[in-house]
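Protein chains in written order, with our numbering: chain A, 1 to 230; chain B, 1 to 230; chain C, 1 to 222; chain D, 1 to 222.
Everything labelled a hint here was simulated from the structure, so no lab data went into it. Being a predicted model, the structure only gives us computed values, none of them experimental. There may be inaccurate statements among the hints.
What the hints assert, rightly or not - Using 27 Å as the maximum straight-line C-alpha spacing, the simulated DSS-like pairs for lysine-lysine come out as follows:
#	chain 1	residue 1	chain 2	residue 2
1	B	K158	D	K44
2	D	K82	A	K82
3	C	K161	B	K72
4	C	K142	B	K45
5	B	K45	B	K139
6	D	K169	A	K145
7	B	K2	D	K169
8	A	K183	C	K82
9	B	K2	A	K145
10	D	K125	B	K145
11	C	K128	A	K148
12	B	K45	B	K158
13	A	K220	D	K82
14	A	K145	B	K148
15	C	K187	A	K2
16	C	K128	A	K2
17	B	K183	D	K82
18	A	K183	C	K161
19	A	K2	A	K145
20	C	K187	B	K139
21	A	K158	D	K44
22	D	K142	B	K148
23	B	K82	C	K187
24	A	K145	B	K45
25	A	K183	B	K148
26	C	K142	C	K125
27	B	K220	B	K82
28	A	K183	C	K21
29	C	K82	B	K139
30	B	K183	D	K142
31	B	K45	B	K72
32	D	K125	B	K2
33	A	K66	D	K125
34	D	K125	B	K183
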Amino acid sequence: MKRQFMNGYDAVKDIADGSTIMVGGFGLVGIPEQMILGLVESGVKGLTVISNNCGVDEWGLGLLLKNHQINKMIGSYVGENKEFERQVLSGELDVELTPQGTLAERIRAGGAGIPAFYTPAGVGTQVAEGKETRIFDGKEYVLEKGLKADYSLIRALKADEMGNLLYNKTARNFNPMIAAAGKVTLAEVEEIVPTGTIEPDSIHTPGIYVQGILEAIQEKRIERRTVREG
Amino acid sequence: MKRQFMNGYDAVKDIADGSTIMVGGFGLVGIPEQMILGLVESGVKGLTVISNNCGVDEWGLGLLLKNHQINKMIGSYVGENKEFERQVLSGELDVELTPQGTLAERIRAGGAGIPAFYTPAGVGTQVAEGKETRIFDGKEYVLEKGLKADYSLIRALKADEMGNLLYNKTARNFNPMIAAAGKVTLAEVEEIVPTGTIEPDSIHTPGIYVQGILEAIQEKRIERRTVREG
Amino acid sequence: MKGIKSNVRERIARRAEEEIKSGYYVNLGIGMPTLVANYISENKVVVLQSENGLLGIGAYPAEDEVDPDLINAGKETVTAIKGASYFNSAESFAMIRGEHIDLAILGGMEVSAQGDLANWMIPGKMIKGMGGAMDLVHGARKITVIMDHVNKNGAPKIVNKCSLPLTGKNVVNRIITDRAVLDVTKKGLVVREIAKGFTLEEVENSTEPDIIVPSSICYDAY
Amino acid sequence: MKGIKSNVRERIARRAEEEIKSGYYVNLGIGMPTLVANYISENKVVVLQSENGLLGIGAYPAEDEVDPDLINAGKETVTAIKGASYFNSAESFAMIRGEHIDLAILGGMEVSAQGDLANWMIPGKMIKGMGGAMDLVHGARKITVIMDHVNKNGAPKIVNKCSLPLTGKNVVNRIITDRAVLDVTKKGLVVREIAKGFTLEEVENSTEPDIIVPSSICYDAY
């Protein structure tokens, strides 16, 4: 029942210059690979990107960076990317660093209709500068605001035709909250299965949050392949 | 690895007079039946109870009410219980009514270390009287505070020995948030299964939130048995 | 539910069904709104949300299908459709509050010309609680209230100012009664349709606020 | 990890392991804290949390077990123990912020006498971001920082006031270095243990704030 796309470009071609997009993933794990490549192909410019990380130089959101498609990045850790550093220092790229838990909660709040909430993370640091702080029960908290996006691009293991999603292991990460925080949410999945084949008690993201689905093979590049001896 | 109890009384016997307890369930669905009976047996008094509903006259939290064990009730809908009405009118019972979504979010916030958040529910009604309101992006919201409990009593379908929980259908309801909001969380389950037999991607409540487990048969009384003809 | 004497409630429910478009996610309130489910066209793909944690409410169960762990927000035993999902109450109201539900159809005691809704308590009577109504009125993208046009004493339920405690302020988009369909607009109440057996004058006389009558309205509409 | 020249890092990690009690849920920061996992006694039941959404980190995978969808917060491929669970990032930080984690062991650049921690950025160098560190320092019930006692130039890393941008204020409970174990208390820094090869005087001289020396401290402790 949900719209299905032919390829990454087909999924993202309507995203207009200057849009705010959220992209799921932690490092390179759980990123919508083909939709990111689709954005490179579409050449859309002036994006505000909300994502925990910004890929690496040659993969993931790093590709959009290299292509000068991102104006502003909101994330928690951007340390794996030399081009990122260059663009920030040269003033080409605006960056807003947010504690990871605050980022996750801001995205959840955006999708849940909560405009703002208080959190202890960042109190007494530069993160709280210019923000309202307030004491509850003797402890200081900072007010943080919900985040929404024009488009949310996420990655899941499986979707059924109604857009119900299942994630795999730590590839879940930010994807479920991002699914709920987009005006339009597009899910890239490894497999589309018939409706009724995902156990209703096990569905991670109900289909109500998903407007379109792309079935696509994932490369799943590994940033730090660590193995034990013997 | 988590402590296992012999019966409902054994699970709840340490709960002291004047404690704040949260109890899972929506109507009579997903309530920890034997632990509630255990509270009746223990005779603990002066409880503040946080739960969406307050049972019916002869079952669930209604039993505690009848036994005059509850001083204060925080919930969203208490319309199924005549004794409730009598005690409120006679001044024996204090009641704080909260919109259901606000209640769910306040409990989630309590367990998630969020002291307060803004929500639109209740703005312009008696729910917002005496509370701070604030405008974000042209819309008015009311500040609501997180809720925590000394003890959380919940019901699940299965637990493994590490306290990982799985719920069944709409018996999930408030249980997962209540699990996280208790200083001590006790889970009543239909079955304790060996660790490793619940799929890690499907676990609804990670064992970190659970301090004790009770395996117990559930009566599962039905409030409104509605069937279709033919 | 076929045994119920259809008449007024059925007529309102059938008209309310027309508000539902194919592809919609809909929350139906307890009481008369729940009846609307019986009339949803088979040509429409509609997913019903139940705020106790179910997306995809199905029909009432057959005797041998009754599952005590599967109820709707009215605490009635139900079934789930293929493709249904279960979730917790915080997620359910995140879904509602976050404006993911296309339409909520709710009952009403009073609606004001400004779209204020009162439907949760009558002072002096025992307070039962607001349940999810106060969240729903601020969450769903469109709020339609269905109710009788006048109360048991014949007095208007569409009023200048609600006398009962509010469920929400400025929240109702459309009112469907046994007599008419009206929209709450910035300019005031606009009548769209008049039900069979009623005249525009009768609707005006049984509605406390002034009604805006646009050039085209539909008579004998339902 | 056995190939690494053990020496100082191993000694700190081994001492840090003593902070972990059986039954604890623990978050180990990126870098040296991750090493602590290698020394957790088999007699303890310990569950390690990874803030990217895993409770129950296992050993590094064998070659044929590597799963690209299964990493820790340092983005290393890992495995999961029996009884592990996966969840989303909001749930993961709800778990952290809600004080459900018993202990976090984190690295440090500077720690002040008041327990302020700086461990996320050096002005002038490229900012990489704070990741989950600012949430962790306010969430876990106990925060232990492990680090070298002095920096590469021999200057104290335990200071009166942090010169680097803070990760959190008044958040550190205990500091474990290659030279000593110190507790942050309301009265000030209290030394608890002196490592092998160091004297109390050496520790005092290489720590900027004054240290409180209680009647009983443990020498040659680790």
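Results for each hint:
Note on K158 (chain B) and K44 (chain D): the hinted pairing holds, with a Cα-Cα distance of about 25 Å set against a maximum of 27 Å. For the given pair, K82 (chain D) sits about 38 Å from K82 (chain A) by alpha-carbon distance, which is inconsistent with the 27 Å threshold. Taking the CA atoms of K161 (chain C) and K72 (chain B), the gap is near 33 Å; set against the 27 Å cutoff, the hint is violated. A distance of roughly 45 Å separates the Cα atoms of K142 (chain C) and K45 (chain B); the hinted pair therefore is violated under the 27 Å criterion.
With a C-alpha separation of about 43 Å, the suggested pair K45 (chain B) and K139 (chain B) falls outside the 27 Å cut-off, and the hint is violated. A C-alpha spacing of about 22 Å is found between K169 (chain D) and K145 (chain A), which places the hinted pair at or below 27 Å, so the restraint holds. Taking the CA atoms of K2 (chain B) and K169 (chain D), the gap is about 34 Å. The hint is violated against a cut of 27 Å. Straight-line distance between C-alpha atoms of K183 (chain A) and K82 (chain C) comes to about 26 Å, which keeps the hinted pair within the 27 Å bound.
Taking the CA atoms of K2 (chain B) and K145 (chain A), the gap is near 38 Å; set against the 27 Å cutoff, the hint is violated. Of the supplied pair hints, the one linking K125 (chain D) and K145 (chain B) is violated, its CA atoms being roughly 40 Å apart against a limit of 27 Å. Proximity of K128 (chain C) to K148 (chain A) is assessed by CA-CA distance (about 36 Å); at most 27 Å being required, the pair is judged violated. For a cut-off of 27 Å, the pair hint linking K45 (chain B) to K158 (chain B) is broken: about 30 Å separates their Cα positions.
For the suggested pair K220 (chain A) and K82 (chain D), the alpha carbons sit about 24 Å apart, so the restraint of at most 27 Å is met. Proposed proximity of K145 (chain A) and K148 (chain B) is supported: the alpha carbons are some 23 Å apart, at most 27 Å. Between K187 (chain C) and K2 (chain A), the direct Cα distance comes to roughly 37 Å. Violation of the 27 Å bound is thereby established for this hinted pair. Our distance criterion of 27 Å between C-alpha atoms is broken by K128 (chain C) and K2 (chain A), whose separation comes to about 40 Å.
For the given pair, K183 (chain B) sits about 26 Å from K82 (chain D) by alpha-carbon distance, which is consistent with the 27 Å threshold. Proposed proximity of K183 (chain A) and K161 (chain C) is contradicted: the alpha carbons are some 35 Å apart, above 27 Å. Simply put, K2 (chain A) and K145 (chain A) have alpha-carbon atoms about 31 Å apart, too far for the 27 Å limit, and the pair is violated. A threshold of 27 Å between alpha carbons decides the hint, and for K187 (chain C) with K139 (chain B) the separation of about 20 Å falls inside it, so the pair holds.
Only pairs whose Cα atoms come within 27 Å are accepted, and K158 (chain A) paired with K44 (chain D) is rejected, the gap being roughly 37 Å. Restraint check for K142 (chain D) and K148 (chain B): satisfied, since their Cα atoms lie roughly 20 Å apart, inside the 27 Å limit. Of the supplied pair hints, the one linking K82 (chain B) and K187 (chain C) is violated, its CA atoms being roughly 45 Å apart against a limit of 27 Å. Restraint check for K145 (chain A) and K45 (chain B): not satisfied, since their Cα atoms lie roughly 41 Å apart, outside the 27 Å limit.
Between K183 (chain A) and K148 (chain B) the alpha-carbon distance is near 33 Å, which puts this suggested pair outside the 27 Å criterion. Proximity of K142 (chain C) to K125 (chain C) is assessed by CA-CA distance (about 30 Å); at most 27 Å being required, the pair is judged violated. Straight-line distance between C-alpha atoms of K220 (chain B) and K82 (chain B) comes to about 21 Å, which keeps the hinted pair within the 27 Å bound. Taking the CA atoms of K183 (chain A) and K21 (chain C), the gap is near 19 Å; set against the 27 Å cutoff, the hint holds.
Using a Cα cut-off of 27 Å, the hinted pair K82 (chain C) and K139 (chain B) is violated, with the two alpha carbons roughly 37 Å apart. Straight-line distance between C-alpha atoms of K183 (chain B) and K142 (chain D) comes to about 16 Å, which keeps the hinted pair within the 27 Å bound. Between K45 (chain B) and K72 (chain B), the direct Cα distance comes to roughly 11 Å. Compliance with the 27 Å bound is thereby established for this hinted pair. The straight-line distance between the Cα atoms of K125 (chain D) and K2 (chain B) is roughly 47 Å, outside the 27 Å bound, and the hint therefore fails.
Restraint check: the Cα-Cα separation between K66 (chain A) and K125 (chain D) comes to about 21 Å, which is no more than 27 Å; the hinted pair holds. Distance restraint check for K125 (chain D) and K183 (chain B): the Cα-Cα separation of roughly 42 Å exceeds the 27 Å cut-off, and the hinted pair is therefore not satisfied.
Hint compliance for this structure: hints 2, 3, 4, 5, 7, 9, 10, 11, 12, 15, 16, 18, 19, 21, 23, 24, 25, 26, 29, 32 and 34 are broken, all remaining hints hold.
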